[in-house]
Amino acid sequence: MTADKKLEKLKNAKKIGESRSPMQDAMREFRRSKIAVGGMIVVVFVAILAIFAPVFSPYGFEVQNLRNNRAKPMEGYDITETYAEEKCHWYETPLEWGCTVFIAGSDALGRDLFSRIVYGTRVSLAVALAAASVSLMIGLIYGTVSGYAGGNVDNLMMRLVDFLYAIPLLPIIILMTVYFNAVSRQGSESPLMIWLIGLDKAAGGLLFVFIAIGALNWLGMARLARGQVLSYKEKEFVEAARALGAENGHIIFKHLIPNVLGPLLIAESMAIPGYIFLEAVLSFIGLGVTPPTPSWGAMINEGYSGLRSNPHLVLFPGFALSTLTLAFNFMGDGLRDAFDTRLRGRN
Amino acid sequence: MTKYIIRRLLMAIPVIFLMILATFVLVQAMPGGPFDAVGQKSMPEHIRILLERRYGLDKPLYEQFFRYLGNLLQGDLGPLFRQPSSSVNDIVAQTFPVSIQLGLMSVMVGFILGIPLGIIAALNHNTILDYVTTFLAVISVSVPTLVLGPILIYTFGVKLDLLPIAFWGADPPFTLGFLPPLTSTFFRHAAMPVFSIGTGMAAGIARLTRAGLLDVLSADYVRTARAKGLQERVVIVTHALKNSLIPVVTILGPLLAGAVTGSFITEQIFALNGMGRRFVNSIGQREYFLQTSLVLVYGLLLISGNLLVDVLYAWLDPRIRYD
Amino acid sequence: MTTTPLIRVENLTKHFPITRGIIVQKEVGAVQAVDDISFEIIQGETLGLVGESGCGKSTTGRTLLQLHKPTSGKVFYKDIELSTASNAVMREMRRNIQIIFQDPYASLNPRMTVGSIVAEPLEIHNIGTAAERQERVKELLELVSLNPHFINRYPHEFSGGQRQRIGVARALALQPDFIVCDEPISALDVSIQAQVVNLLEELQEEFGLTYLFIAHDLSMVRHISDRVAVMYLGKIVELAARDELYENPLHPYTQALLSAVPIPDPVLERKRKRVILEGDVPSPANPPSGCRFHTRCPIAEAVCKEEHPEWREAVEGHWVACHLAK
Ligand SMILES: Nc1ncnc2c1ncn2[C@@H]1O[C@H](COP(=O)(O)OP(=O)(O)OP(=O)(O)O)[C@@H](O)[C@H]1O
Ligand code: SF4
Ligand SMILES: [Mg+2]
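Going down the list, the sequences are from chains A, B and C.
Oh and the first sequence: position 300 is 300 in my numbering, straight run, nothing missing.
Going from the second sequence to my numbering is simple: count from 1 and add 347.
Going from the third sequence to my numbering is simple: count from 1 and add 670.
Hint data in this document are derived by calculation from the structure and do not stem from the laboratory.
What you are looking at is a predicted structure, and each value in this text was computed from that prediction instead of being measured.
Glycine is no exception: its CB is placed at the ideal position from the N, C-alpha and C atoms.
There's no promise every hint is true.
For lysine-lysine, the following DSS-like pairs were computed, each having C-alpha atoms within a straight-line distance of at most 27 Å [unchecked claim]:
#1 254/A - 233/A
#2 254/A - 808/C
#3 406/B - 388/B
#4 739/C - 696/C
#5 996/C - 233/A
#6 739/C - 254/A
#7 506/B - 350/B
#8 744/C - 233/A
What follows is a set of in silico ranges between Cβ atoms, one per label pair, in the way DEER data are often shown [said to hold, decoys possible]:
#9 160/A - 394/B: 22 to 30 Å
#10 292/A - 506/B: 48 to 56 Å
#11 159/A - 486/B: 26 to 34 Å
#12 387/B - 62/A: 26 to 34 Å
#13 403/B - 687/C: 48 to 56 Å
#14 182/A - 518/B: 29 to 37 Å
#15 758/C - 159/A: 48 to 56 Å
#16 430/B - 687/C: 54 to 62 Å
Which chain C residues face chain A? A few, computed with CB under 10 Å, are given here [what the hints assert, rightly or not]:
#17 688
#18 691
#19 763
#20 773
#21 778
#22 852
#23 860
#24 862
#25 893
#26 951
#27 985
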């Protein structure tokens, strides 16, 4: 065989060996939807804002400037020399404005609204990520155990889910958050509480928001996971694995979870807007982040009383909140359509 | 069916019991008590003890709980510590109708706007009309009450000065306990709160209606019928509609729950004297009975809402049999 | 051909409980999917197992492999009783007994590549290094006439027949000597069925395999089987060598099934009598008393309703369960 022919054969072999996983297929489908890709770009952009918040925000989110409070957007004030020298950043404004322009105005304490909105991305994204992980983990484990065990175990576990579905969790979660906040203010002796309070500090006062949102949303995930496990565990490839002598761990980790994870991740991506809303709601009623950490919900709450004269204090954080959820919604819809092969080719 | 409903109601009893128990224990476990302070000063020890004895708070927890349960069975939701002259019953009687009117009207707006929009989108599948409707729906799902409320207030209340920006336009007592007076004042006050919850619902409903109708329309029997001509197509669409609405009914449950969440915010934003606002305002206080009883009322609402959904579902979809 | 039985099934019964209850489930009945069946499979032969949908063929195959725990009865592989074997013993046994499934779509994990699917048995039993496994997988793919370059592809990129071959390769990986073929060709196009049957026959010859070959009509098993068993509602009603069964069916149910198989000769086809079965198959949760076939049997008599027909050897090597069969 000549070298040329060999090479050609190799090339052909490569072609035959080429392959696309279901994942790659779906991603190709996803990329075809412009709106979904647009949503993803916005989400990525917001993530970059969150990571590099100090770079993008001209002032610190907690820096007060009481003389310049409630500044309108794009209004500038003369402030002390030292302040100007230290804090002026990349958006050097035209000379007539000086360098103290608040592009989005300032709040009642004279804090730069734009900087606070930029830092607020951190809270929203952290909640989105953490709550999604919490509810995904709990839902996946709970649902998989329930579905795989079957029988009475399954029955009991699902009755608990039914119970939690039947009661109004939000007010109860609110009370739990109040309880936790009160105890952590007062200090506690129980090691569990001390540990939780420490954890809460580490999470920037958001621990209970994570727990609350996760706790509210794992139920649906558990039901979904269980349903998936039930249908997959009867599938013949699982039976084949058992016929080969596979143990439960092998079946669960190799066959069930990889198949169940996809639908759960899609469900999570569609649930994220809800998580972001809920954090805003909790912060709005004063149960979210601890001040001065900026959360969009808390900012709406702070600005709300002055809506009449300073609407920007509410409208800008509201706009940010809506933009991010809109992006997540578009992205989630795109993911669902791309992965739901039943829908493929329809829209 | 009656048997099914009765069984569901019986099953709700332990659920309600556990819910009350959990809430009662939780509120009582909060550090501090209702009589720790008068205004800014701390309450003298002996008066505090006296007051606590008066409300039975010195008794063991289980005794308090069963006394509360006993009173509940007689329709007594318990006392208010902050306003001894009125009781939790009075609060619920004032706030419940407001929340119910707000919730029901929002759900109605959701359906009245959502279903036609969903139908229009599905019947004009893949046309500009479809895209615009779908796009608008996603946008309104993405603007929560928390944002839409202030936008509405600023636009219609402040700038245009068309609608009142706060308070509910009617006070109890109502006809049948919850039917609002059909006055223009009432509707002018209700417009913005109802829309701030209702548009999000409408968007969700429109999306579901569209998906459901597309599903049915792509079924073979509908396709063949459509090929036969417009007249039949109209018939089929009306038939198809009933089937495609089944999934819409299923979200009634989450919708009702959503109306509860929404009311927490909306009542706050529009300063409505509803249960949600009362509940949120009480969280800093130690109003044990008020908090437990409001959770109970929410629970009853949720349970009956879910039951209603299941009954509706069975009625729409004859394949489902409950026995 | 030797006559040592490789597999022996004695009074095998599998009932699936029907449960009800809100919190704790009570048993309120049972689906009698397989009820008291006995047969042997001889080393190197193919035993065909035929019956209508839902009569318990798959359950027989799976219970035999201990994928379902038998309600009662025994299964022997050579002289080892599988039904009471410990987990460790059973795990070893699984190298010898394997299964091929009906649905070529459901039987392969969509998230695994062909290579990892075929290598899975080797991994489970810790056979070889990763490189050795890879080599073995390629050999196996070649054995079932698939291009070994396909190793990194996913199941959805293959046709039904190709997928079925992947399933065969997986079953062969541990070098078993007995394979349950649960309707391996029913879901395939007619043009491909013959290919897969031929492949199975070639493999049988090459490795001396023994098959339990399940199908839902008699024409499908005729070609491949040495002996054929006919099942009705959880019971085996007749079992005989292939030619004997097709030429001299004793059980009315077998006769009815055979009369539904078209005969290629038009003269014979016109002359023969057709037995049309009336009524539906009764529910296995509540099977008829006596002979389970009596509700549909064209020649049933009073005794059929009362007494179970005995499983007897009517002619040498020809077993039947019917009061009236000669
Ligand atoms: N895991 C199970 N749980 C409960 N009932 C079952 C289970 N598996 C099978 N059955 C029931 O047992 C009976 C026999 O089923 P089986 O799958 O063995 O039939 P089959 O002869 O293989 O039919 P088919 O030709 O459709 O594959 C059926 O009534 C079926 O509903
Ligand atoms: S035993 Fe009776 S009912 Fe059963 S097959 Fe024979 S004749 Fe028919
Ligand atoms: Mg079968």
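Tested hints:
| no. | hint | result |
| --- | --- | --- |
| 1 | 254/A - 233/A | holds, 12 Å |
| 2 | 254/A - 808/C | holds, 22 Å |
| 3 | 406/B - 388/B | holds, 26 Å |
| 4 | 739/C - 696/C | holds, 19 Å |
| 5 | 996/C - 233/A | violated, 46 Å |
| 6 | 739/C - 254/A | holds, 23 Å |
| 7 | 506/B - 350/B | violated, 56 Å |
| 8 | 744/C - 233/A | holds, 26 Å |
| 9 | 160/A - 394/B: 22 to 30 Å | violated, 44 Å |
| 10 | 292/A - 506/B: 48 to 56 Å | violated, 31 Å |
| 11 | 159/A - 486/B: 26 to 34 Å | violated, 39 Å |
| 12 | 387/B - 62/A: 26 to 34 Å | holds, 28 Å |
| 13 | 403/B - 687/C: 48 to 56 Å | holds, 51 Å |
| 14 | 182/A - 518/B: 29 to 37 Å | holds, 34 Å |
| 15 | 758/C - 159/A: 48 to 56 Å | violated, 36 Å |
| 16 | 430/B - 687/C: 54 to 62 Å | holds, 59 Å |
| 17 | 688 | violated, 13 Å |
| 18 | 691 | holds, 7 Å |
| 19 | 763 | holds, 8 Å |
| 20 | 773 | holds, 6 Å |
| 21 | 778 | holds, 6 Å |
| 22 | 852 | holds, 9 Å |
| 23 | 860 | violated, 22 Å |
| 24 | 862 | violated, 19 Å |
| 25 | 893 | violated, 24 Å |
| 26 | 951 | violated, 22 Å |
| 27 | 985 | violated, 36 Å |
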